[in-house]
Structure formats: structure tokens, C-alpha cells
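Peer 1: I would like the entire structure built from these sequences, with the hints used as guidance.
Now for the letters of each chain:
2 protein chains.
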Amino acid sequence: MQTAECAIGIDIGGTTTCFGFVDQHGSLLCEATIDTQPDQPADALVSRLCDGIGKLRAALSREYRLSGIGIGAPNANYHRGTVENPVNLNWGASVNLVELFRQRYDLPVAITNDANAAAIGELLFGGARGMKHAIVITMGTGLGSGIIVNGELLYGADGFAGELGHTTVDPEGRECACGKRGCLETYVSATGLCRSISELLGQRLEPSPLREVCPSKLTSKLVYEAARGGDPIALAAFDRSARLLGMKLADAVAHTSPEAIFLSGGLAAAGDLLLTPARRYLEEFLFTPYRGRVKLLRSELPESSGAVLGAAALAWHEVDTVPFDSAQGANVG
Amino acid sequence: MQTAECAIGIDIGGTTTCFGFVDQHGSLLCEATIDTQPDQPADALVSRLCDGIGKLRAALSREYRLSGIGIGAPNANYHRGTVENPVNLNWGASVNLVELFRQRYDLPVAITNDANAAAIGELLFGGARGMKHAIVITMGTGLGSGIIVNGELLYGADGFAGELGHTTVDPEGRECACGKRGCLETYVSATGLCRSISELLGQRLEPSPLREVCPSKLTSKLVYEAARGGDPIALAAFDRSARLLGMKLADAVAHTSPEAIFLSGGLAAAGDLLLTPARRYLEEFLFTPYRGRVKLLRSELPESSGAVLGAAALAWHEVDTVPFDSAQGANVG
Numbered sequence: 506m507q508t509a510e511c512a513i514g515i516d517i518g519g520t521t522t523c524f525g526f527v528d529q530h531g532s533l534l535c536e537a538t539i540d541t542q543p544d545q546p547a548d549a550l551v552s553r554l555c556d557g558i559g560k561l562r563a564a565l566s567r568e569y570r571l572s573g574i575g576i577g578a579p580n581a582n583y584h585r586g587t588v589e590n591p592v593n594l595n596w597g598a599s600v601n602l603v604e605l606f607r608q609r610y611d612l613p614v615a616i617t618n619d620a621n622a623a624a625i626g627e628l629l630f631g632g633a634r635g636m637k638h639a640i641v642i643t644m645g646t647g648l649g650s651g652i653i654v655n656g657e658l659l660y661g662a663d664g665f666a667g668e669l670g671h672t673t674v675d676p677e678g679r680e681c682a683c684g685k686r687g688c689l690e691t692y693v694s695a696t697g698l699c700r701s702i703s704e705l706l707g708q709r710l711e712p713s714p715l716r717e718v719c720p721s722k723l724t725s726k727l728v729y730e731a732a733r734g735g736d737p738i739a740l741a742a743f744d745r746s747a748r749l750l751g752m753k754l755a756d757a758v759a760h761t762s763p764e765a766i767f768l769s770g771g772l773a774a775a776g777d778l779l780l781t782p783a784r785r786y787l788e789e790f791l792f793t794p795y796r797g798r799v800k801l802l803r804s805e806l807p808e809s810s811g812a813v814l815g816a817a818a819l820a821w822h823e824v825d826t827v828p829f830d831s832a833q834g835a836n837v838g
Numbered sequence: 506m507q508t509a510e511c512a513i514g515i516d517i518g519g520t521t522t523c524f525g526f527v528d529q530h531g532s533l534l535c536e537a538t539i540d541t542q543p544d545q546p547a548d549a550l551v552s553r554l555c556d557g558i559g560k561l562r563a564a565l566s567r568e569y570r571l572s573g574i575g576i577g578a579p580n581a582n583y584h585r586g587t588v589e590n591p592v593n594l595n596w597g598a599s600v601n602l603v604e605l606f607r608q609r610y611d612l613p614v615a616i617t618n619d620a621n622a623a624a625i626g627e628l629l630f631g632g633a634r635g636m637k638h639a640i641v642i643t644m645g646t647g648l649g650s651g652i653i654v655n656g657e658l659l660y661g662a663d664g665f666a667g668e669l670g671h672t673t674v675d676p677e678g679r680e681c682a683c684g685k686r687g688c689l690e691t692y693v694s695a696t697g698l699c700r701s702i703s704e705l706l707g708q709r710l711e712p713s714p715l716r717e718v719c720p721s722k723l724t725s726k727l728v729y730e731a732a733r734g735g736d737p738i739a740l741a742a743f744d745r746s747a748r749l750l751g752m753k754l755a756d757a758v759a760h761t762s763p764e765a766i767f768l769s770g771g772l773a774a775a776g777d778l779l780l781t782p783a784r785r786y787l788e789e790f791l792f793t794p795y796r797g798r799v800k801l802l803r804s805e806l807p808e809s810s811g812a813v814l815g816a817a818a819l820a821w822h823e824v825d826t827v828p829f830d831s832a833q834g835a836n837v838g
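From first to last, the protein sequence lines are chains A and B.
Every position in the first sequence, counted from 1, becomes a number in this note's numbering once 505 is added.
Every position in the second sequence, counted from 1, becomes a number in this note's numbering once 505 is added.
These are calculated hints, taken from the structure and not from any lab test.
Hints are not guaranteed to be accurate.
Pairs involving identical chains hold if they fit within one copy or between any two copies, as the list cannot separate such chains.
Straight-line Cα separation of at most 25 Å, SDA-like style, residue types lysine to any residue; simulated pairs [unchecked claim]: (1) Lys726 with Arg803; (2) Lys560 with Glu604; (3) Lys722 with Ser810; (4) Lys637 with Asp825.
Peer 2: Right under this line is the structure:
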């Protein structure tokens, strides 16, 4: 019997890091979570991850050959293999995470940011299977994006292509943590939705349960619940996000002309409150030749494991497209 | 002696159609111009073009093997080989121009819009030679664009990728001929510059020679001359165009992360009046990881023959990348 193969997907977040073993069909064989400990150096995280990977192996019921390692991390640069100036990790200007893993595993290792990993996940295991051109938008605390062009993730000249969260909605608009003003993610993200509530509470007079919540305690979940309860302020905030999302996605279509755009992440879970009006606005803002030709869909990857699947998909994608010295991989078990 | 090869480049405009013979190095061997006669059917134009091509052959001093035909035309779809609903040509909903040429020549024939042709021209014969990721912006009556990704022109899912002229600057902004509001080309184009003058003359009090020109008679050339003469209204109009161009090019960088952006067409000839402030604004609007990494340059193709060179470059690109039944081409002479 031929030994089956699997890849390791690692999703590094500011608080927790998830990792798992994923086969070629996108099945998550096993997964685990550790604290990122963002104050510690990257090398310490890699060591603890290797321990964790060793323990996961023991949990596998059969023998798997390890094909590669894929990593999704904030501010990751695919070309350089680095994580650069991550806001939530005390790692300094640049850490070559790919190198740190290669010192421990004789395997292909690749890294990219979490939104790009989500896009590759969608391409290999989700709704974008078989598509040549697609865009994946992740909406959580911020807004990330990954662009598929000619069946490949687009990295661009510098490894940082696909940062739609920092395209400009309004040059005189909201302050963004990046230092600019009016970036899309200041309007369309969990945080952006809450900022819209603050603005709307100042602009409008309707009573709203959200007037009883400190702005610092407001969450997109509370806004979602208020909207479900018919609160006009919460509904207006969703409509504002949906309109600006539709407008900027129409811009995105005018760049790469995708077959479909996939929404993932916490805010995408708001479902019809966001997706239905966003579809309408997208169509309104589309340049005529694109109208009726671009699908706006929810990600088909499960929200809980999408990031690990995406990171593993990156590894599978590397294995399929990049020649590697040790193409046979290492034996696990 | 081996027979040299050349491609035919054809640039179809609403008024005139230019065509020429171009060798592999981008040298224009000969060219000619005929009236487009936009009220006549496409087939009539193709017949007259074939006559013209025959006459040009006679002008060539040596024997050339014909490798292919490239066409730049408004509303052209590369995938389908068609020109669809062209505003300035009375050709109806769709004309398969590639088919019309293939009925007359046993050669590879390809068509795309004029901005895409300009981008391929820049890639093969101009400043984008050797670049993997670049954007070419053509600024004339409107604003067109062609996006180079991984060393290839990006067509997207539907053959219409790269329509930056119809990305939205301001959803409540100027009416666009496309039916939308606030499209980039209503601000950044020869026409957009003149519209800025009208707005500025209403908003400001300074004397200006442009107050003596009927709006219907105003041209970008008059605005250019006024700006060169120090007119504050004309200078403000250039600054407004430069700022919005910089803002939207920063968005474009956040999509495909090009190494350089090239400006071509009539408005690009305004040189420092537009390019210098646009560079500054682009840098201001760029998301931090891109800053200092994207060059904003003038096209290196001559303005007079850039369109024909671009169309011929499309033909050369086809010959190099697409297998064709008759790869040897037809003999000319």
C-alpha cells in the first residue's frame, strides 16, 4: 500500500497559533492550538511548534509522508520567507521564519500572509476550485485580501500584492492604524462596523440599544444582534459597510476581472445583513462590461479551520509547482 | 540569407486607423493611415485595410515574412476576438474582427483594446522590458489601462481586465459617459482636466485667461499653455488631476504590486505639470510596505507610433506564446 501524504498548515496569530495536518483533498486529519506568546522571539515559537507537531504525529492513526509546511502569518513576505514588522508580535523588523523551519525539516516551506493563505485555501479546497481568476476577502479585525490570477496567487513585484484593506475610500476619511486616512478596512471590518455605529449615533436621533454600550466595549457581535433585532442604527451601519465594500470590490473587478469574489472571516458570518446589500451595491458600481458576470459568494472553507487549511494549501501548492531537492518528502511516524 | 520577419500592427480609432509593419525589435518599418469611416460596417474597413497593407508591402525595401496581425481597438475583447458595442463605431453589438482578418490572412490574429496594446508595447519594446509586474496608463480623451502580471498582459475571467478609468473616485462625483458617477477618467484625462477648469472657475475668484474660453472650446492644450504661463486655475486643475491619479494608482499598487507604472497618451505629455505632483501624491497614498518601491514613469514608446507598435507587439506576443497551425507565417512580397 502506498504511503499517503499530508502537509502541515500553520496559522500564526497575535494570541494563538493553530496548526494541523491536511491531506491533498483538504481533509484536516488533526489539529492543535498553542499560545503564540508574542513577547518571546520567533525561534521559541518555532521550537514549541515542532514539539506540538511531534505530538500531533502520535495522534495520527496511519503513516503519512510529510510533503511540506505552509505558514500563514501577519506581514509575511512570500518572496523573502520573512515576517516583517508584525504589529502584534515582538519579533523586530524581519524574521526569516522559512529558514527557521528549514533548519528543522528537510521539506519545502512557504509563508504568506493569512489572507493570501485563505485565497490559496479557497482555490485548492473551496469554492474557487477550477477558477482562473478570483479574489478572497477576509474580514475580521481588519480587511485582508488574496488575488488569484491565471490560477495562481498573485504576489506582485515585492511579495505584497493584494492589500485591498488599504485602498482609499475617502482621502479625508477615518484614521487608519497604518497611518493613512480613509482605508477600506476602517469601514469594512469588525472594527469598521463599530466605528460606523459611533458615527451614526452622533448623526442620527433614533433610539438604539447600542446607545447603552460604551464604544470601547462595542463588538461586531453586538451590532449584529442589534441589527437582527431591527435596530435602525445597526442596520444603517451594515448598509454603509456593504455599500463601501461593493464600491471597492467593483474597483477590484476593474483591475483583475475575477470570476468570483469570496468573503470569509468573522464579518462574512453576518450573512445576508452584509452579503445581500453588498451584492446589490457591487452590481451598481460595476463598469457595464462586468455587470452580471461577477459572483459575490461566501467562502466554502469552514471558518474554524479555514486558516490552517489555507496554510496547508500553500504547502501543497508549493509541492505541485516548485521543484524541491527533496521532492520525496520526509517520512512521518 | 534568412528572411526577416515582421508583424502588422493596426490601431483602430473613431476617426483614423493607423497600421504599420514592425520587426521583432520594435522597429517600425513603414506605416500608413486611412479614415476609419465609422458609419460603414467593419467588413468595409477590413477590406480597405487589406488594400492598404498590400500597398505598404510594395514600400518595403526587402522581403519580409509576415508573422501575425495585432489589432488595438476600442471595446475589444481578446478572448472572443470581438469589438463589442463600440461608442464611436457604428458596428452594432459585436463584430468578430479577428475572424474577418483570418478570412483574408492565414496568420495568427489577435485583438485587444488600445490601452492593453500600449501595455504589451511597453512590455516588449518600451520601458517595461524585463519587468514581471507593471501597469500602463493611457490618458487621452479617456483613461485606459493595461496590467502586466507575471510578465503577461492580464485579461481576467472575461477578457476585460484593467479598466482603471472606471474605478470610482467619488460615488457622488462627476457623471461619466459610462452611466456611473465619479469614474477616474472624469477627473484624469484631457476631458477631465477641462471639467476641473469649469468647476474651479466657479469655485475660485482669481482672474484667468481660461475665463475667456467657451467651455465647449476648451482643450487640454489650452489648459497646459495657461498652466505654463502660471495661471493658478490651470495649475490647480493639474494638481487636482495629479492628486486623484496618485490616489487611484496607490489603489492599483495595492492590487497587483507593480514594479513600475507608465503614463502614456496626450495628457502624459504635460510632463512635469502632472508627473511630478502625481509621484508625490502616489507616495503619500501608498500603503507603507510599498513606499519607495514603485516607479512612476513616462512611456518609452514614441507617442506618434506607440499605438501601432503596441498592436504589433500583441501579434509578436501571440507568435511567441500561442502555438499556431501555420507557425511559418505567410510570405510577403
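Peer 1: Now tell me, hint by hint, if it's right for this structure.
Peer 2: Do the hints match the structure? See the list:
1. Lys726 with Arg803: This pair counts as within: shortest intra-copy Cα distance 18 Å, inter-copy 49 Å.
2. Lys560 with Glu604: within (22 Å within a copy, 63 Å between copies)
3. Lys722 with Ser810: neither (27 Å within a copy, 62 Å between copies)
4. Lys637 with Asp825: both (16 Å within a copy, 22 Å between copies)
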